[in-house]
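Enquirer: Listed below are the residues making up each chain.
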Amino acid sequence: AQTVTQSQPEMSVQEAETVTLSCTYDTSENNYYLFWYKQPPSRQMILVIRQEAYKQQNATENRFSVNFQKAAKSFSLKISDSQLGDTAMYFCAFMKPVRIIQGAQKLVFGQGTRLTINP
Amino acid sequence: GAGVSQSPSNKVTEKGKDVELRCDPISGHTALYWYRQSLGQGLEFLIYFQGNSAPDKSGLPSDRFSAERTGGSVSTLTIQRTQQEDSAVYLCASRRRTGKETQYFGPGTRLLVL
Numbered sequence: 055a056q057t058v059t060q061s062q063p064e065m066s067v068q069e070a071e072t073v074t075l076s077c078t079y080d081t082s083e084n085n086y087y088l089f090w091y092k093q094p095p096s097r098q099m100i101l102v103i104r105q106e107a108y109k110q111q112n113a114t115e116n117r118f119s120v121n122f123q124k125a126a127k128s129f130s131l132k133i134s135d136s137q138l139g140d141t142a143m144y145f146c147a148f149m150k151p152v153r154i155i156q157g158a159q160k161l162v163f164g165q166g167t168r169l170t171i172n173p
Numbered sequence: 004g005a006g007v008s009q010s011p012s013n014k015v016t017e018k019g020k021d022v023e024l025r026c027d028p029i030s031g032h033t034a035l036y037w038y039r040q041s042l043g044q045g046l047e048f049l050i051y052f053q054g055n056s057a058p059d060k061s062g063l064p065s066d067r068f069s070a071e072r073t074g075g076s077v078s079t080l081t082i083q084r085t086q087q088e089d090s091a092v093y094l095c096a097s098r099r100r101t102g103k104e105t106q107y108f109g110p111g112t113r114l115l116v117l
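Sequence lines, in order, name chains A and B. Going from the first sequence to our numbering is simple: count from 1 and add 54. Going from the second sequence to our numbering is simple: count from 1 and add 3.
With the rest of the complex left out, here is chain A (with noise of 0.2 Å):
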């Protein structure tokens, strides 16, 4: 069984800084999907980044990238210039990809990262 571990239960930085949330994970599969949400306060869980293993290419998104080490099985979320918006709990998460045979689709969680961004 995949699991997926978040060594951080907390951190804190100051606006505009920049912070690394950490991510390792453990598969035996070759091609699979890693994501980062975020949950706010509200409860909604929001997609920041996906990364597909078959891509060497770290993915980016505006002020957030990863950096994904396949072969050390981790994958780590950068955040740039932090703004207080980015204050959330932030949860990395592992899935198979889609196959015929059914019932591989589930997203696996880690324990989450409370990050508080302060002013």
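Honestly, I wouldn't trust all of these hints.
[What the hints assert, rightly or not] Here are the simulated distance ranges between beta carbons: (1) A/Thr170 - B/Glu88: 27 to 33 Å; (2) A/Glu64 - B/Gln44: 16 to 22 Å; (3) B/Thr105 - A/Ser96: 15 to 21 Å.
[To be verified] With a cut-off of at most 30 Å between alpha-carbon atoms, the simulated DSBU-like pairs for lysine-lysine come out as follows: (4) B/Lys60 - A/Lys127; (5) B/Lys60 - A/Lys150; (6) A/Lys124 - A/Lys109; (7) A/Lys124 - A/Lys150.
[As the list claims (entries may be wrong)] One side of the interface only, derived from the structure: several residues of chain B facing chain A at Cβ under 10 Å: (8) Tyr38; (9) Leu46; (10) Tyr51; (11) Ala96; (12) Phe108; (13) Gly111.
Because the hints were derived from the structure by calculation, they are not lab data. Please read these numbers as outputs of a predicted model, since none were measured by experiment. C-beta: ideal position from N, C-alpha, C; glycine also.
Take the given structure of chain A and dock chain B to it, following the hints.
Expert: Using the frame of chain A, we list chain B on its own:
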């Protein structure tokens, strides 16, 4: 277009009562998921629908939990004879069958069993 919606937003019930939680996925999304988020267990997968069928029910914690989906759209998660350990946020997500693999989440239903 509208996102995933869930109702009710919050539900307080007494131990032993039955509850129904509703999810309206994004229009055209054939895959639908239920997850549970609790303090002790984090985010757990409950059940997956493709169309109206549920090929993966492996996450349902007991036979008190059931779910159905009708018309390939709305899904209802039912918890019978609720227990205090059922208190959690229940999240629904949907995904297109083809193309991007991203699951889009609703705002969740917070269930409190007294």
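Enquirer: Hints first: check each against the structure and report whether it holds.
Expert: Verification of the supplied hints:
As the Cβ distance of A/Thr170 to B/Glu88 is approximately 30 Å, the hint placing it in 27 to 33 Å holds. A hinted range of 16 to 22 Å holds for the C-beta pair A/Glu64 and B/Gln44, which are about 19 Å apart. At roughly 19 Å, the beta carbons of B/Thr105 and A/Ser96 sit within the given window of 15 to 21 Å. In summary, the hint linking B/Lys60 to A/Lys127 is supported, as the alpha carbons are separated by about 28 Å, within the 30 Å threshold.
As the CA atoms of B/Lys60 and A/Lys150 are separated by approximately 17 Å, the hinted pair is consistent with the 30 Å bound. A distance of roughly 10 Å separates the Cα atoms of A/Lys124 and A/Lys109; the hinted pair therefore holds under the 30 Å criterion. Distance hint between A/Lys124 and A/Lys150 is fulfilled; the C-alpha atoms sit about 14 Å from each other, no more than 30 Å. Taken as an interface hint, B/Tyr38 checks out: its beta carbon lies about 7 Å from the nearest beta carbon of chain A, inside 10 Å.
Taking 10 Å as the C-beta contact cut-off toward chain A, the hint placing B/Leu46 at the interface holds, the least distance being around 4 Å. A least Cβ separation of about 6 Å between B/Tyr51 and chain A falls short of the 10 Å threshold, and the interface hint therefore holds. Interface hint status for B/Ala96: upheld, as the beta-carbon distance to the closest one in chain A is roughly 8 Å, under 10 Å. A least Cβ separation of about 4 Å between B/Phe108 and chain A falls short of the 10 Å threshold, and the interface hint therefore holds.
Nearest Cβ of chain A to the Cβ of B/Gly111: about 5 Å, under the 10 Å cut. The hint holds.
Checked against the numbered hints above, the structure violates none of them.
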